[in-house]
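Visitor: The chain contents come next:
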Amino acid sequence: MKILVCIKQVPDMESKFKLNGEGNWYDGTDLAWRMNEYDEYAVEQAVQLKDQLGDADLTVLSIGPERVKEMMKKALAMGCDRGAHIADDDFFKKDPFEIASVVAEFAKDKGFDLIFTGMQSQDRGSGQVGVLVAEMLGLPSITTIVDFAFDNGQITAKRELEGGMKAIVKTRTPALMTCQLGLNTPRYPTLPNIMKAKKKELLSIPVSELLKVEAKQETAKMYFPEKKGGGLVLEGSVGDLVDQLIKILKDKTAVLA
Amino acid sequence: MKTLLVAEYRDGKVLNSTYELVAFAEKLGADSAMFLVGSDSTLPAYTGTLYLADVGKYSEFNPAVHKQLLLDVIAREQPDMVVFAHSSYGWDLAPRISLALNAAHISEVVDIVDGVPIVPVCNAKLRRAVKAKTAQMVLSLQGGAFGLENEPSGSPTVIPIDTDTAAQVEFCGYEEAEAGGVDLSKAGVIVSAGRGIGKPENLAMVEALAKALKGEYGASRPVVDSNWADHGRQVGTTGQTVSPKLYVACGISGAIQHLAGMKKSEFIVAINTDKDAPIGEVADVLVVTDLKEFVPALTEKLKNL
Ligand SMILES: Cc1cc2nc3c(=O)[nH]c(=O)nc-3n(C[C@H](O)[C@H](O)[C@H](O)COP(=O)(O)OP(=O)(O)OC[C@H]3O[C@@H](n4cnc5c(N)ncnc54)[C@H](O)[C@@H]3O)c2cc1C
Ligand SMILES: Nc1ncnc2c1ncn2[C@@H]1O[C@H](COP(=O)(O)O)[C@@H](O)[C@H]1O
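So the protein lines, in turn, are chains A and B.
Take 1 as the starting number for the first sequence in the working numbering and just add one per residue.
Take 1001 as the starting number for the second sequence in the working numbering and just add one per residue.
Honestly, the hints are just simulated from the structure, not real lab data.
There is no bait here: all hints are sound.
BS3-like, lysine-lysine: derived pairs with alpha carbons at most 30 Å apart:
1. K1214(B) x K1199(B)
2. K250(A) x K1263(B)
3. K252(A) x K1303(B)
4. K1131(B) x K18(A)
A few chain A residues that face chain B, going by a derived Cβ cut-off under 7 Å, partial list only:
5. M13
6. S126
7. G127
8. P140
9. E160
10. A167
11. I168
12. Q217
13. L232
14. V255
Even for Gly, the Cβ is constructed at its ideal location relative to N, Cα and C.
Chain B extracted, bound-state conformation:
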């Protein structure tokens, strides 16, 4: 089995997700080679062949050009699997590659059981085993699913690559995440509000509980998207990553992107009306109840302790 790992590079750095791809290939016991549009001054810690295109020339985001660079490498390497991270870079590029190769693309892979990729369905309430009908396949891996066993090490054998394909889009630079006032990663207790709070006025009860526990309040993405809370409060892949002593999730279903930001918390309490909500998979305690009654009652009791 031969894999080609598509490394990720942003803002001058090789991203850690790259090493999850290496861990995946190791788990499979597969041979690997790596593809990177990056720089020879910041090479990934990897032992093996690295096909390297110069990011100064091809830019960090340039789908049509990265696609051609990668297709050229695939033609040389003939891998059984082309492996991406299921991330902003991977989900953009992987479908383009799968179509060009006429290969199955299985996305959001969380596990491989008996050689068959497993993917989540319906907000991770269900799982699906997906079989490719093509010999070659493209996989994109859910972040955190294939953890690192060891600290990445090694240095690659670099093969420089080039193309003269034309770009279809123009990348004009980055905009930093809005600077939020609070650094949630420092809070010992975080009480987060999800869409289950129902209306913006109910954020106050979550805030009051956070205060009673001497912590900060956080929020899931829909609460931030609806402007009920600042982006600086968002927990998850596109927000902050936190690991407090206690995390209380109020009306949060537990989507993968939210879990990625808080599952390392020491103790997790979830308050949810849905007993089957996926947050139950990481929660130490799942309180099945209406948060609108439970949260104020808990806050009152805590105040009187």
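Only chain A is shown next, with the shape it has when bound in the complex:
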């Protein structure tokens, strides 16, 4: 069984963001980077499947600058076997169609039985790349899965719908799954596994070797949303804040009456 997992590196969402010089993305300096939350579930599911089968070959792929290798090492330490780093300093300018095309170009003649992606990236959040890769490769795909079972080529997944309802969907390999939060409990890499990961293959491939299409959309500009007035921001010592809030609750709501 050959499995591919696609992971993206994203900034910590609690970061203080600034715009870049061109005003079309956020500035990448001084940010803390981590693995896209949705992709952690994708890695974990792939590793769990490998554990279940006893024998599988797991490739983890990421498109991005040199720094994404740090995150890829985490995926290797979680249990992936090899890494394919698609080196691209300008990846943030690429649209979902280009990113998906690069992944599909990489995957097309490698015979992956299963591909896992996140359902969306936390920064761009287009929620498109996974489905596009599947369509480009002519594979069935199941999106937003919160449950995954595999038995002898048969996949039974639960898709999460609005309001917490789930749809039970079956398909067969080869196929692609996009992973939703809560699918599993992503493991923390252990120290011995971090050491082992250092010896695993992590190849870099220039993106130019795989990119054969042009973007269908572009960012005209990026900006901060206007703060809608009215909201009060309170800062200060805890004691003062407590008193201020209680006064506001008394004045503005009936809950303390």
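Keeping the supplied structure of chain A fixed, place chain B with the ligands upon it in accordance with the hints.
Guide: Just chain B with the ligands, lined up with the frame of chain A:
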């Protein structure tokens, strides 16, 4: 400008998100036609042409088949825009359509400014204006972004459609949401815990504050996903929708999917260490502080009132 609206149908009903698509087309002043895999016994309240495929034959979830049905209609209608809700149905089908059409797909659209779609970035801390480079485009709209001005009305002119495409996946039915013990929609006060509580033990302080305010406690999704709280407590698109007199968000960043479940609350207080957290956009009061110190102190004071 001509739009094709992709209506949504689930569990025997046309979903309300369908009418947000109608509102969007109206806002744009665009002509529209509608596509639905549904039933002629439950037609949407819509004036215009409805291309209708029989859900009994094609099932409520069947991507490859719905895709072909929709592509056939697009070929007939030649719309400038194909519009979906950015929902479990829309984000599944829209990319398939955009690829087949060779058209740009702009997802999670929250606004249109000067004809250009606007989408959120980084948990809605930033916005992006996105230009399509293709003449035709596919859009998926963030729920609630294009509200209904009027009660939906009208009855469509139905054109039945068919295909003989083969399915790629098999839809085996629904599983209902776990029945939670609490109906948060009835609570007058809700105090919710987010990932900012840091560890499961700290849920107790949120619970204590809820109790001091004579309310219920709720939770954001990561708190539920980590099994720190039951799914029955989750607020948001995949949890409950609430509108209490007072909603207190403790350590919740304010992701769109959480806001969708609580932004109609009468009064919203957010407690967050990050002054720029998007929850600030809906909060009447944002208290910038560490909840681990503030919440117990507030609870103590309330008890002694
Ligand atoms: C299809 C879909 C459906 C979803 N449905 C839901 C849903 O129904 N409900 C839901 O909630 N989410 C839902 N989500 C997830 C949503 O996108 C967010 O990931 C989630 O709401 C984030 O939860 P959070 O705010 O608790 O965590 P985070 O985004 O991690 O935010 C934690 C916050 O706590 C603050 N903080 C940290 N430490 C402290 C401290 N000591 N004191 C005070 N503040 C602190 C931080 O500044 C931050 O703002 C859904 C996502 C998808 C894709
Ligand atoms: N630069 C990237 N490198 C590898 N995988 C990616 C990249 N961008 C997106 N993906 C994958 O596609 C999923 C959806 O991303 P998006 O369409 O950007 O919301 C992510 O969860 C990843 O699994």
